[in-house]
Each structure stands twice: as structure tokens, then as C-alpha cells.
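Enquirer: Sequence:
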Amino acid sequence: MKHNIRKFYLCVILFCCAIIFSSFVRMKAAADKLAMPYKKAGLTTEQAAAHLLSRFTYGAKPGQVQEVAKIGLEKWLKKQLEGNLDEVNLDQMLSQYDAINISNSEVEDLFPQNPRVTRWAIRDGYLNKDSLNTGNNKYQREIIQNYMKEKGYRPLQELYRQFFNQKILRAAYGENQLREIMTDFWFNHFNVALNKTQCASFVPAYERDIIRPNVFGGFENLLLTTAKSPAMLMYLDNSSSSGVNVPMEDQDMMSMNEMGMSAEQKQKKKAKVKKIQQQIQNKKKQGGLNENYAREVMELHTLGVDGGYTQNDVTQAARVLTGWTVAPLGKEGYGVGNRALIERLGASGLSDKGFVLDGDFFFNANRHDNGEKVVLGKKFPAGGGYDEGVELLKMLAHHQSTAKFISKKLAIRFVNDVPPASLLDKMSKTFISSKGDIKSVMITMVNSPEFWSEQALREKTKSPFELAMSAVRSLNAEITKPYELYSWINRMGQQMYYYQAPTGFPDNGQYWINTGSLLNRMNFGLALASQRIPGVKLNLPALNSNKEPESVEAALVTYSKLIMPERELGQTVARLKPMLNDPNLQQKVAQAAEQNSAKKDNNNTGMEMQSMDRKPAKEEKIKLGNGRKANENPVIKTQAGTNTMLAQVVGVIIGSPEFQRK
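At position 12 of the sequence shown (counting the first as 1) the number is 12 in this note's numbering, and the numbers step up by one without a gap.
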């Protein structure tokens, strides 16, 4: 009888669970259904397609607006959110870069840091330690270069260049455009920088293995994987953070009862305890607790600066995350200090004693603070080990403040610099109900009227990287030297992967646009269109089916529509037309850009071009983008039908205020 009752209740419980699960599945499916209300906003299908392409790609390619409208906006966006379109052509382009797919350990072995190479060269007898103080740097460089060549080592700059090149090519030619946009977004959110030596070598694998594969999944997974990556562990110094507590086996030794021990045994114990106490003192001298990551994971990665945490929460969280460090990487790279311990204990011994080895991540239980902690009111009992760090990060990932903070950052990136509270509320609720599913939050955003409102259309400003990529995509450029574009992006004010602060690049127009940056953008447009950027080829007449415009004005109207489809361009054409009648346009742009290159004018966000009419204080030979001097260039002809005329028209369009908007 009792057995039947238990069976009955078990069936009831299973039945209820099935109902709840099916209800959750239906809710999830409903939440993930694309139903974009662009028609209610008064947009045509083509206008809506142009808006989608401006926000979810690096710019529409020629004819792409019509293609998206034809296949259907929902179908196109669904494929982008899946992010697994075939990219055979891109893969072929990337195949020339042999270093972009190697592991962190291989990077440490093949691309060692300069101080390490110098140390090895001295060890192997190629360089005399005393010669380092002679001041003959050229001689030392030659020896080290020969040493690297003989040993098969390669300079780190080669790795970085390949890394930069692949980013340019992915953005320009990748079919999974939204995945690349989101990779850029999340990399910026979980920023690490190449200008910090300790983490620099690990940045390429960080983007490849940690960020890109996880951009549409659960936020919890993204947070955990970034926290355990060598790049983040080294960038925010958590790899060196340790507690000053005594490991369990040492505690046992120190508290061992001496009753029954021989004099010799007591002496050995005394020596062992003294050694343990010395180790504790050494650990204190090494720096002990480091709060950098604990602070930034709350302020920048999850809760936000107003997320409700205190300084005490930061300290307690830092204690929770002590012992999180890097596994041995390469033969003599970072983390090698843990190798002897790992080899001595073996796989089973590690897990038995609370150590965790997971790829490039190592939890060193001997460096973990085993005491009790309290973070945001949640108690973490003593002895929690690695698991309490995971529990902490999961708690932060699903916090209400995190839902608001992440939703706002996404809305700022894809809607406008000051997104409406009504949109943020909807996105935050989806974040909570979907347990931080990024794709679901994105769908809620794009299904909301606010995404399609007048306040959202063309209200975001392109970063220099977005400007360069949208330009080459809109002109159907052939890129054979991606690094040349990277150099131009730096020149326009965005040194990618080198933003030193953990905040990442600010995502607002006021940061990117000032007088000097506008002039540099115009200079870039003219250099690109006139094919003065090496390794970037264009066929401007082909964009218009090789039809020759009848006049400069006709070329301006025609190419403005081709480059900026589905926009109202009357004011833009009227503004640009007088500029094209100036025979000294390129020289004035170059001179003005040179004058303003060192100036910051963050209050000038109106994107006006009057400053290009200023004359320089004195005649100077100003370098253009191709290295030639401005006043040595011939005056560009403006007769219709000439390629120089067309290049100038297209260059002015690329540099125009309207093209800066997305």
C-alpha cells in the first residue's frame, strides 16, 4: 500500500515537472520569436533592412539591402543569430596566417617575450650578461635576432600583425557579421590589452577561444570562461592573488599532538613547523590578496558601478577568488611554477586535495583563502575551495543589477547612446527570465518599437574601425594588405587591442567625434577612394554598372545613394556639393587634419565641416595618407567622366557626417 502511494506521488511530481518544463519551453520559444515591428514605425521593408544591416553588420555591401529585403528580415536575422554560415572564402584568406590558431602554450614557446629571450640567450652562451651594461644596443639586438633565428623563435609583433589582419578580414568579408559585431562588443566589455606585457601573448587566443564562441550563449558561461582565461587572470592580476592561510596538510602538521613522539620526531616536527611559518611569511611578502579583478568583475563585468556592492564586498570576493591562476604554459612560460606540484600529485591527487586543472586554468588550493566569507549578504562557508569561486561568479551573473547593466550596454551599442527606460526594462526582464541568455535579450531588443523608432535610426556614431570596415564593404574593396587599414584606424584614433583601461573603448559619439577626428576621417575617405592605401583596390565605376555620371553633382547624388542606401540625402548632397567645387580640397583637408591632430575638442559633436575651410597659419608640406606631400599633389580635376573626379566625390561621401552615422 505504502509502495503504491509513493509511486502515485512520484507520478504526480513527474507530471508537474513535465508541465513546468513544457511551459518553460513554450515561453522560451515565444520569447525567441522574431516579430520586428518596423512597419508600425512607418518604415518600408528596404528601410528596415538598411537599419538592420547598419547595426548588425559592419556595413551593407552593394545590393545587400535588396537581398535582405527579398529573403526576409526575420530569416536573415535568424541566420545571423545562429552565426554558423559557411565562410569558405574567408577561411581561405585566413589560411595564410599560421599563428592565429595556435594554443597559448605554443605562443609561449614560439613567440617568447623579449626579456625571456634575453635571459635564454645569456643562459645558452650567446650573450654575455656583462655586455648588457655597455650601451651597445644595436650589437645586442643583432645577437638576439640571430639567436632567435637559430632557435626557431619568432617576434611577438609578427603574432600581433597576424591577429590584427584576421580581425580586418573577418569584419570585411565574414558572412557571420553579427557574430563578429558581438565578438567586438564582448571583447570590449571584458577588455584586456596588449600593452600589458604579462597578458599580451594570450590576447589572440582569448578572443578566439573565449569570446567568439560564446557571444550568443548564456552570460554566466561567458563570465566564467573569461574569469578563468590566462589573458584576464594576468591582465587584472588575479593570477598572483593568494590567501595567507595555511594549507590543510600543514595545519594538521602544526596542530599534531607531540605526546608519544621521540625527541628526534619532535625535532623534525619543529623544523617542519618553522618551514611552514617561513612559507607563510614569504606568501605575505609576495603581495597576498589582490582586489583588481574582484573590483572590476563587479563594477565593469556584472553589477555596474551603482550595482549595490561595497568595498567590503570587493575584499570578500577577492578572498573567494584566491588561488585562481594559470596552468603551466609552454616549456618556460607563465605558470611553470605550478608544474612540479601538478606532476608530483598527478590527476587523481590534484582532485583529491582540491586542486583543479582545466586547460590553461589552474586552481591552486595551497594559495586559496579557506576562511569564511560574505559577499552581497551571501555566506560562503570555510573550506569552499574552487567551487565557491564558481558559485560567486554565477551569483553575479544572474543578479538583478547585472541584468540591468548588461541590457543597458547592449542597448547603447545597438539602439542609441541614451536608450529609453522602457526598452531597458523589457530587456532586463528577458535577461532574468531566460537566465541570462544573450540571444533572447537581443531578440527582445529587436522586437521592441524602440529599436525602430526615429530616435534610433542613424543615431549611433561609427568608431574608426566601424568607419573603415563600412567603407571597404560599401565600395566592395579588395583587401590584400589588411595591416594598412589597421594603421589608418589607429591614425583616426582607435588603437585596437591597446585600450589600457579595463573599461574598454567608450561607446558614444562624443568620444569619437571632434574636429580633428572628422578631418582625419575625411582624409581617410579621400585616400581610400583615390586608391592611395596600399593593398586596397577599388573599382568605383563598377558600383554604378560602369555608367558614367553626367556631372559632378550627378556623381554625388548617384554614389551617395549607392553608398548610403535608403536614406534621405537631400541635406547631405547640399552640404557636400560646394566642397567638390574646391580644387584644393585634398590639400585643405590634409593641412587642417595636421593642425588638429593633437587637439581634443570633445564639445564639438555636431559633425560640422566648416573647420576645413580654415587656412593654415603658414605654408607647410603636409603629408597625405600615402606619404606624399599635399602641396606636391596635382590639383584633382573635376570634369565628369574622370576617375580622379569620381574618387574625389566618393572620398567626400565617405568622410561626410552622414556616413559617420549607422
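Note that these hints are calculated values from the structure, not bench results.
Owing to the predicted nature of the structure, the values given are computational and were not obtained by experimental measurement.
It cannot be assumed that every hint is accurate.
Straight-line Cα separation of at most 27 Å, DSSO-like style, residue types lysine-lysine; simulated pairs [what the hints assert, rightly or not]:
no.: 1; residue 1: K481; residue 2: K149
no.: 2; residue 1: K404; residue 2: K78
no.: 3; residue 1: K426; residue 2: K75
no.: 4; residue 1: K379; residue 2: K435
Enquirer: All hints, please: hold or fail.
Expert: Now for the hints, and whether the structure bears them out:
| no. | hint | verdict |
| --- | --- | --- |
| 1 | K481 to K149 | 25 Å, holds |
| 2 | K404 to K78 | 25 Å, holds |
| 3 | K426 to K75 | 23 Å, holds |
| 4 | K379 to K435 | 22 Å, holds |
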